[in-house]
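Protein chains: 2
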Amino acid sequence: MTPETHEWAQSLDTLHDQAWKRLARGVADRRAPCRHPTLATVDAEGTPQARTVVLRAADPKAARLRVYTDRHADKVDEVQLTPKATVHVWDNVAHLQLRLIASVEVLIGPAVEPVWAQLSDHARQCYGFSPASGSAIDDGLAYDKQPSADSLAVLELTLQHMEVLHLGHRHRRARFSRSDGWSGQWVTP
Amino acid sequence: MTPETHEWAQSLDTLHDQAWKRLARGVADRRAPCRHPTLATVDAEGTPQARTVVLRAADPKAARLRVYTDRHADKVDEVQLTPKATVHVWDNVAHLQLRLIASVEVLIGPAVEPVWAQLSDHARQCYGFSPASGSAIDDGLAYDKQPSADSLAVLELTLQHMEVLHLGHRHRRARFSRSDGWSGQWVTP
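Chains as they are written, first to last, in my numbering: chain B, 1 to 189; chain X, 190 to 378.
Quick caveat, the hints were computed from the structure, so don't treat them as lab data. We put the beta carbon where it would ideally sit given N, CA and C, even for glycine. A few of these clues could be false.
[Unchecked claim] In silico SDA-like pairs for lysine to any residue, Cα to Cα no more than 20 Å straight-line:
hint, chain 1, residue 1, chain 2, residue 2
1, X, K334, B, G168
2, B, K145, X, G370
3, B, K145, X, W375
4, B, K145, X, L356
5, X, K334, B, K145
6, B, K145, X, A213
7, B, K145, B, L165
8, X, K210, X, D259
9, X, K334, B, S103
10, B, K61, B, G181
11, B, K21, B, E7
12, X, K334, B, H171
13, B, K61, B, E105
14, X, K210, X, P222
15, B, K145, X, L354
16, X, K334, B, W186
17, B, K145, X, D248
18, X, K250, X, G357
19, B, K145, X, V376
20, X, K334, B, K21
21, X, K210, X, D248
22, B, K61, B, S103
23, X, K334, X, D259
24, B, K145, X, P303
25, B, K145, X, T377
26, X, K334, B, T188
27, X, K334, B, K61
28, X, K250, X, T194
29, B, K145, X, H360
30, X, K334, B, G181
31, B, K21, B, H6
32, X, K210, X, R313
33, X, K334, B, V54
[To be verified] Where chain X lies over chain B, by a calculated footprint (3+ residues, C-beta under 8 Å):
hint, segment
34, 44–57
35, 113–121
36, 146–155
Starting from the given sequences, assemble the full structure and let the hints guide the process.
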């Protein structure tokens, strides 16, 4: 039942490197596990919230990720009030759980125009609804799409900590932090 | 690319019913998407945290779920301080996202003895590490397993809201709340 340990899970450097490889694959490949992380935030009542998002960019040098959203979505209000998020992935191919704790900046307006310009017509359909996303409606289909650059928000996630768990013959877990240059620390699973 | 709409997604009652069917399947079937939800909590610094858990029980009448954990895990401290959680599942078979907002009670000690008694030796290996889960260690394998009933905690999740999103030819999203008897309200996706 228990998967064998991957060689890259045996040292902190290679484990950290593998986490970023999986994230890069998520950006490039629609079917990779890291394509669809869960983004956890905290709402105005202090309640944790979570939803699936699409990973749009992963920059290992800056340790930054990007996610796009409708700017009217609750998660935008949430991170404007509490600018923190955790990006969670269970990668069943690599037997790897990533828990990426990040500070969040919301980009809207002119800052996202270059992103909008590169989106296909199909992709643009996700940004802009009437009534706005989250509004109560009389029927499940009682809404229209009104795609517009004004409705696009980019969440820029600057990682502060990475908690990486590899499930092998014996599990290995490590914490990496921006504050110590991502050198890493093994911890008990 | 876009999946067809399932018939059960077209009314609030059948959508709510389907959500519970998928959860029940997660408890019964190791390979069902609802077997491994993501549990989001809030830590002492107000930062959202998230990790994969195993769904152990789902009671549609009481609208309660159960998850087991090592009682030394950070998530136990987190829900003892902020007794709220969101259980998140993306069910790629049903094209269904479940966001289940719950209050949380932690059961330990005599209350979990009946659970411990029913766990296999293999399952018990997940509860009890030395040094305790989350401790800094010199090497990735510098820990021992010390399974013990004292190390088992059961998280009892009492759902307050269910946010259900079905991805179909056109998406449908609904909110269900304990306070109105789970009658449900369509909202814009």
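Here's how the hints hold up against the structure:
1. K334(X) <-> G168(B): 15 Å, holds
2. K145(B) <-> G370(X): 31 Å, violated
3. K145(B) <-> W375(X): Holds, because 16 Å separates the two Cα atoms, which is no more than 20 Å.
4. K145(B) <-> L356(X): 15 Å, holds
5. K334(X) <-> K145(B): 54 Å, violated
6. K145(B) <-> A213(X): 34 Å, violated
7. K145(B) <-> L165(B): Measuring from Cα to Cα gives roughly 40 Å; hence the hint is violated.
8. K210(X) <-> D259(X): 28 Å, violated
9. K334(X) <-> S103(B): 35 Å, violated
10. K61(B) <-> G181(B): 11 Å, holds
11. K21(B) <-> E7(B): Holds, at about 15 Å.
12. K334(X) <-> H171(B): This hinted pair holds, its Cα atoms lying about 11 Å apart.
13. K61(B) <-> E105(B): 18 Å, holds
14. K210(X) <-> P222(X): OK: K210(X) and P222(X) at ~12 Å, within 20 Å.
15. K145(B) <-> L354(X): The given pair, whose Cα atoms are some 17 Å apart, holds under the 20 Å limit.
16. K334(X) <-> W186(B): 16 Å, holds
17. K145(B) <-> D248(X): Violated, at about 37 Å.
18. K250(X) <-> G357(X): With a Cα-Cα distance of about 28 Å, the restraint between K250(X) and G357(X) is violated, given a limit of 20 Å.
19. K145(B) <-> V376(X): 14 Å, holds
20. K334(X) <-> K21(B): 31 Å, violated
21. K210(X) <-> D248(X): Satisfied, since the Cα-Cα distance of roughly 10 Å is no more than 20 Å.
22. K61(B) <-> S103(B): Holds: K61(B) and S103(B) sit about 16 Å apart, inside 20 Å.
23. K334(X) <-> D259(X): 12 Å, holds
24. K145(B) <-> P303(X): 52 Å, violated
25. K145(B) <-> T377(X): Given that 20 Å is the threshold and the Cα spacing comes to 10 Å, the pair holds.
26. K334(X) <-> T188(B): Holds, at about 10 Å.
27. K334(X) <-> K61(B): 37 Å, violated
28. K250(X) <-> T194(X): 27 Å, violated
29. K145(B) <-> H360(X): Roughly 11 Å between the alpha carbons, so the hint for K145(B) and H360(X) holds.
30. K334(X) <-> G181(B): Cα-Cα ~31 Å, so violated.
31. K21(B) <-> H6(B): Status holds; Cα separation ~14 Å.
32. K210(X) <-> R313(X): Judged against 20 Å, a Cα distance of about 28 Å means the pair is violated.
33. K334(X) <-> V54(B): At roughly 37 Å apart (the allowed maximum being 20 Å), V54(B) and K334(X) break the hint.
34. 44–57: Holds: 7 residues of the segment 44–57 of chain B have a Cβ under 8 Å from chain X.
35. 113–121: Coverage by chain X is violated here, the residue count being 0 at a Cβ distance below 8 Å.
36. 146–155: violated (count 0)
Violation of the numbered hints given earlier is confined to hints 2, 5, 6, 7, 8, 9, 17, 18, 20, 24, 27, 28, 30, 32, 33, 35, 36; the remaining hints are satisfied by the structure.
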